[in-house]
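Residue numbers (our numbering), protein chains in the order written: chain S, 1410 to 1777; chain G, 11 to 291.
Possibly wrong hints are sitting among the right ones.
[Claimed, not checked] Here are some chain S residues the structure puts well away from chain G; computed CB gaps all over 12 Å: (1) T1435; (2) A1445; (3) R1459; (4) P1497; (5) Q1509; (6) R1652; (7) V1690; (8) G1711.
[Unchecked claim] Taking lysine-lysine and the DSS-like style, the derived pairs with C-alpha atoms no more than 27 Å apart in a straight line are: (9) G:K103 / S:K1650; (10) G:K176 / S:K1515; (11) G:K47 / G:K125; (12) G:K103 / S:K1505; (13) G:K289 / S:K1769; (14) G:K47 / S:K1515.
Read the hints as simulated data drawn from the structure, not as lab findings.
Built from N, CA and C at the ideal position, the CB exists for glycine as well.
What follows is each chain in one-letter form.
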Amino acid sequence: MEFEHHFFHADQLQDFLKNLQTAGYTCIGPQIRDGAIIYDELNSVAQLPRGISDEQQPGSYSLINNNTSKFFDWANGPQAIKPLLFTPREKLWESKQSPQGQITFKTSEPILEPLAIIGVRACDIAALKIQDQHFMQSQFIDPYYKKRRENILLIAVNCSHPAKTCFCHSTGDGPFVDDGADIVLTELQDGFLIESHTSKGKKILTGLKLKYRTETQMKESKSIEKQASKQNRQLPKMDIKSRLFAEINNEAWHAIAMQCLSCGNCTAVCPTCFCHSANEVPDLDGQSSSHYREWDSCFSQGHSYIHGITIRSETSQRYRQWLTHKFSSWHDQYGRSGCVGCGRCSTWCPVGIDVIDSIKQVGERRHD
Amino acid sequence: MINSNDNSYLPHEAIILERIQEAPGLFTLRLKFTDTKIQENYAFKPGQFNMLYLYGVGEIAISIVSDPEDSHIIDHTIRVVGRVTRGMTNLKKGDRIGIRGPYGRGWPLSESLNKDIVVVTGGLGCAPVVSVINYIEQRREQFGRLNILQGIKHSADFIWKDRYDKWRELPDTNVLLASDVGDAIWPWHVGPVTALFDQLEFDADNVSVMMCGPQGMMHVTCNHMLDSGVASSQLFLSMERNMQCAVGHCGHCQYGDKFICKDGPVFSYDKIHDLFETKGF
C-alpha cells in the first residue's frame, strides 16, 4: 500500500499525544519499569524510554544508554498488546443462587475506555492478527476480546533496533509495518515520518504541524529498514512444518527437556499463545460466584489433565506440544506459523533455550 | 453491552427432573432448561456434549445420552472422577445446575443408514456410545446388523446388565461381553476383548465402527478392523481431552491441528491416526 508520508519534528510528539487525549483516548505506551520496557498508561513523552536501548540474548535482557535522543530505539520488552486484549484474567460471568436454589447467570461487562497504544511493533501487529483469527474469526466469537479489540487505536513505530534474539525478518512479519495499524511512525534523527492508514488514524493528525517529507528523510527511513532487516537470527531453511512432526520421536526432545524448567515463561511472553483456563471463584457471602478465564500454559501439569491422567506428564512432551503447535499444526489451524519472530520466548527463558536452536536440534537431518 | 445471546460462555439454568444411581460412582441426571423457550429450541446429535455447571464449583464437559428427538428432556450419565463430578453426586431431584451446549460433532448416524454397525467400548458405562445404541434401537430397521462389544477389566465392574439384556433381544443384534478378570457367575468371555473380534458379524465394505474408551483399546480395535478390510474413514472414535471452554478457544483439548471440542469429539480414524500411536498428544 502507498500512503502519504508526512513529517513532524520530535518536539511535537507531546502535541501528538495531546491530540490522542483530546480525541478521548487513554494512551498506552512504552516506559521503563523494573529494568524492562513495558506498556502502561502514558501521559507525557517524558515517560518514554528516550535514549535507551536494550541488549537481549537467550535468557538475558538489560537496558543501556545509547547516547541518542531517540524515543523508540529499542526492541520489544516482555509484553505489548496481548495483555490489553486477551487479558491475563477476565471475568466472564457471574451466577447467583437464591435461597430456594434457583440460579441466575449474568454476563460480566468489562469497563472500557478507548485506548491508543503507542509504539507497537510489526511483530506484535502480526501477532494481533493471529489472535483476531483465534478469538473473532472462528466458529465462535469471544465477545470480551472483540469488545476490547474494537476499542483500540494502534500507533505503530517501525522497528529500528532489533534485538539479537529477533528474527521477524525471516518470518516475514517485520521490522516495518505493512498494514494492521491506524497510524505508522518511523523515527528519524530529528523527528518522525507519519502515515495514517485508516480514517480513525487520519483524524488524529488534524491540527498537527505536519510537513511534507523530503527525499532525504525517505532515504533515511529506507536505510533504517535495511539495517533493521539484518538480523542475527533466522529460521532455519527447512520445511519446519513437516520436519517437526516427522521427528516426534527424536531424542532431541529429551535433550531440550533436560534444560527446560517447564515454567511457562515462553508461553506467557509469546504474543500469539492463547491457552487459558476457566476458574470459578465463589464469593465469600455464599450467594454468588464468578467465572474467570486466566492465562494457562501447555507447560503446566494441569493443562493436559483428564480424569486421573496427565496426557503430557513429561517436560519433553510439553516442549514438543508447544513447538509442534507453534511451528507446525498452527499452519493447519490458522494458515500460517504461530511465530512472528519477536524472540521473546528465547530472551525470557530463564535457562536461555533458544527457539531457533531447538528447531534445528529436532528438525535438521543428521548425516551420521 | 455484550449481548448475552452472543456469549457462548454463558450457561442457562436447568432443573433436575430425576436422578438415577446407575452404579457406585455413576449416576444419571435427567434435566430440562427452566426457560421453556431455550428447551424448545434445544437440538443435539448423539455424540455431542454439554458443559454442565455446578454452582460455585465449575464446569465439566459431559456427553448427552438421551434421544435427540425427545425434546422434553436431556440426560447426562456422569462418572465421579474429579472435583465437579464429585460435587454433582450430591444433587437431587429439583436442584438446579447450569447447562450450555450442545457442542462438538457427534456420530455419523445419517451416513451409517443401512450399514452394519459395530460398537466397541472399553471401561465402564461408556456414555457416548450408549446414545448411539439407543438411537439405533429406536430406529432398528434403518440399520444393518448391530454388534455391541464391551470389554471391562473385572466382572464386578459390569453395569447396566439390564440394558445389555434388552439389547440382546433386539433383532439382528450381537452383544459380546468380555472381562479381563471373571468370577464364578460371569457367564461371558474371560480374557481380552480382542479375542471376540472374530465373532463380530459385519460386511467390511458396508460398516460403521464406533468406538469409545481407553486409547489403547481403540488402537487395537482400529488395527483389527483395518486388517479385516474396513476403510479407516469408516472407523469412528470418540476422543477425550481436557476441555474448559468447549468452543475451541482455551487450547486444552488440542490434538495436533484439531480442537477435540469443536472438530470432534468424534473423529474418523483417517483424520487422527498420525498421532494416535504417540504418547503425549
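Right, here's what the structure says about each hint:
Taking the minimum C-beta to C-beta distance to chain G, about 20 Å, the non-interface status of S:T1435 holds against the 12 Å cut. Every beta carbon of chain G lies more than 12 Å from that of S:A1445, the smallest distance being close to 27 Å; the non-interface claim holds. Once the 12 Å rule is applied to beta carbons, S:R1459 is consistent with being away from chain G; the minimum gap is 39 Å. For S:P1497, the requirement that its beta carbon stay farther than 12 Å from each beta carbon of chain G is met, with the minimum near 14 Å.
Once the 12 Å rule is applied to beta carbons, S:Q1509 is inconsistent with being away from chain G; the minimum gap is 9 Å. With a minimum CB-CB distance of about 14 Å to chain G, S:R1652 clears the 12 Å threshold, and the non-interface call stands. Non-interface call for S:V1690 relative to chain G: violated, since the shortest CB-CB distance, roughly 9 Å, does not exceed 12 Å. Look at S:G1711: its CB is around 8 Å from the nearest CB on chain G, not clear of 12 Å, so calling it non-interface is violated.
Between the alpha carbons of G:K103 and S:K1650 the distance comes to roughly 52 Å, so the proposed pair goes past 27 Å and is violated. For the given pair, G:K176 sits about 44 Å from S:K1515 by alpha-carbon distance, which is inconsistent with the 27 Å threshold. The straight-line distance between the Cα atoms of G:K47 and G:K125 is roughly 36 Å, outside the 27 Å bound, and the hint therefore fails. With a C-alpha separation of about 20 Å, the suggested pair G:K103 and S:K1505 falls inside the 27 Å cut-off, and the hint holds.
Pair hint G:K289 plus S:K1769 holds up; C-alpha atoms about 23 Å apart against a cutoff of 27 Å. Between G:K47 and S:K1515 the alpha-carbon distance is near 18 Å, which keeps this suggested pair within the 27 Å criterion.
Going down the numbered hints, you'll see the structure goes against 5, 7, 8, 9, 10, 11, while the others check out.
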